[in-house]
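Please take these sequences and the hints and turn them into a complete structure.
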Amino acid sequence: MDKLSLIINNLEEVLTEDDLKNLIRNKNRLVHYIGFEISGLIHLGTGLMSSLKIKDFQKAGVKCHIFLADWHSYINDKLGGDLKIIKETAVKYYQEAFKVCLEQIGGNSQKLEFILGSELYHNNDLYWLTFIEISKNTTLARIQRSIDIMGRKLKEEIDFAKLCYPPMQVADIFAIGANLVHAGLDQRKAHVIARDVALKLKFKPLLDKNKKPIKPIALHHHILLGLAKPPKWPITESELKEILVELKMSKSKPESCVFIHDSKEEVESKILRAFCPPKETLFNPPLDWLVNLVLPIKKEISIKTSEGIKKYKEHDKAKILKDYQNGLIHPLDLKEVLIKNLWEILEPIHNHFKNEKFKKIIQQLEVKKHDGK
RNA sequence: CCAGGGGUGGCGGAGUGGACAAACGCACCUGGCUGUAAACCAGGCGCCCUCGUGGCUGCGCAGGUUCGAAUCCUGCCCCCUGGACCA
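Residue numbers (our numbering): 13 to 385.
Rather than coming from a laboratory, the hints here were simulated on the basis of the structure. Any given hint could be a false lead.
Calculated pairs, SDA-like style, for lysine to any residue (alpha carbon to alpha carbon, straight line, at most 20 Å) [what the hints assert, rightly or not]:
| no. | residue 1 | residue 2 |
| --- | --- | --- |
| 1 | Lys291 | Lys265 |
| 2 | Lys212 | Ser147 |
| 3 | Lys334 | Glu249 |
| 4 | Lys221 | Lys347 |
| 5 | Lys75 | Asn34 |
| 6 | Lys227 | Ile36 |
| 7 | Lys104 | Glu368 |
| 8 | Lys165 | Ile188 |
| 9 | Lys214 | Lys265 |
| 10 | Lys223 | His234 |
| 11 | Lys212 | Thr151 |
| 12 | Lys227 | Phe143 |
| 13 | Lys244 | Lys265 |
| 14 | Lys352 | Glu312 |
| 15 | Lys223 | Leu138 |
| 16 | Lys71 | Ile36 |
| 17 | Lys310 | Lys265 |
| 18 | Lys347 | Glu368 |
| 19 | Lys265 | Arg164 |
| 20 | Lys214 | Asn136 |
In structure tokens:
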């Protein structure tokens, strides 16, 4: 696969592909960034969906960065609003988890670089100037509309610091100098702001090889669905798009998601309980996980169908969907295939975290999980 | 700082001195029905137990009044709406 194909492989959206082609054609150095809040235990969406793309980026010769957003997590009241615990979790657990996930998927964790938010901001006047610049070029209304990037709704009461979060996230991009900004589709609003202000920044614009200001290219991977039934069912495609962010896998609903170090029993029971209507392909979490996560990782899956056992290859996503829609695949068979294959991916990660040195920190986070935050 | 309104279980939201472990809805759990889940039906849903018209804890926090308080009083904290301040 060539550079471009590797980069856009399996992505749900690229803003814009033309910009990306230009960047590659002109032989610019490709600098990637993806940021994460430090909240609870890491789930499949965070750990595996992202790593799956990072692996591709690395293969394409992109320099990859994982940004551990400790300040953002603090602003967003994660981990009991304790900055010290947040930082400790970032360094001792998140960093390790991403390395393990990336290795498991076939990437190179040695080449992966981590950036801690608080370190990026330390003694960094230019960062705050960029922050102001971005804020000057964005309206309050727009920032308010963008707060769903932090899993919050416009209608809920928020403190003012939370409104600083989106411009900070945008400033991170310029501070790091990332021309490839990567995230789940849910982070779209922040990235669009970044692109809109990119050419207006007076102080730290993103530059190409010829020192010309450019817009960062936004690369959005698919967001895995939560396993639960949607609040409204049946649902139309346009309604689904509107509430997709609410339906994504979320740590605040432990039953809706699988964590990267869940036990085999937990994986089994969660998936067996998952919402999974027969022949339904628009909103079907187990099917979604199978075609968007497991298939790209395993590259080949065998599924029991009413026409016997069938093998599906990496690019047979549409074929699986079609067979499911036509009722060739029974929901329970689908679930069983998902459980088996997913566990094969997770087992080494699960085992890695059995090590004594992670016990304490994971337990701490388990407790938080039950506290809801 | 002032005035008014408000803080109830995971969430929303009743309740304004006893029948309140706290209506109702959502979420959640268990069982039944389905080759999964959902829907539907039954039950549960603060903690403890010798499982009872049992004990303990409980309605922002701390005290108080009362035979008895989520409900009344005092102080404190926090939130909302508006006002004041704007040298």
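Status of the hints after comparison with the structure:
1. Lys291 with Lys265: The given pair, whose Cα atoms are some 26 Å apart, is violated under the 20 Å limit.
2. Lys212 with Ser147: holds, 11 Å
3. Lys334 with Glu249: Measuring from Cα to Cα gives roughly 17 Å; hence the hint holds.
4. Lys221 with Lys347: violated, 49 Å
5. Lys75 with Asn34: holds, 18 Å
6. Lys227 with Ile36: The given pair, whose Cα atoms are some 14 Å apart, holds under the 20 Å limit.
7. Lys104 with Glu368: Satisfied, since the Cα-Cα distance of roughly 13 Å is no more than 20 Å.
8. Lys165 with Ile188: With Cα atoms ~28 Å apart, lysine 165 and isoleucine 188 exceed 20 Å; violated.
9. Lys214 with Lys265: Cα-Cα ~43 Å, so violated.
10. Lys223 with His234: violated, 33 Å
11. Lys212 with Thr151: holds, 14 Å
12. Lys227 with Phe143: holds, 16 Å
13. Lys244 with Lys265: Satisfied, since the Cα-Cα distance of roughly 17 Å is no more than 20 Å.
14. Lys352 with Glu312: holds, 13 Å
15. Lys223 with Leu138: holds, 18 Å
16. Lys71 with Ile36: holds, 14 Å
17. Lys310 with Lys265: violated, 27 Å
18. Lys347 with Glu368: violated, 32 Å
19. Lys265 with Arg164: holds, 15 Å
20. Lys214 with Asn136: holds, 16 Å
Going down the numbered hints, you'll see the structure goes against 1, 4, 8, 9, 10, 17 and 18, while the others check out.
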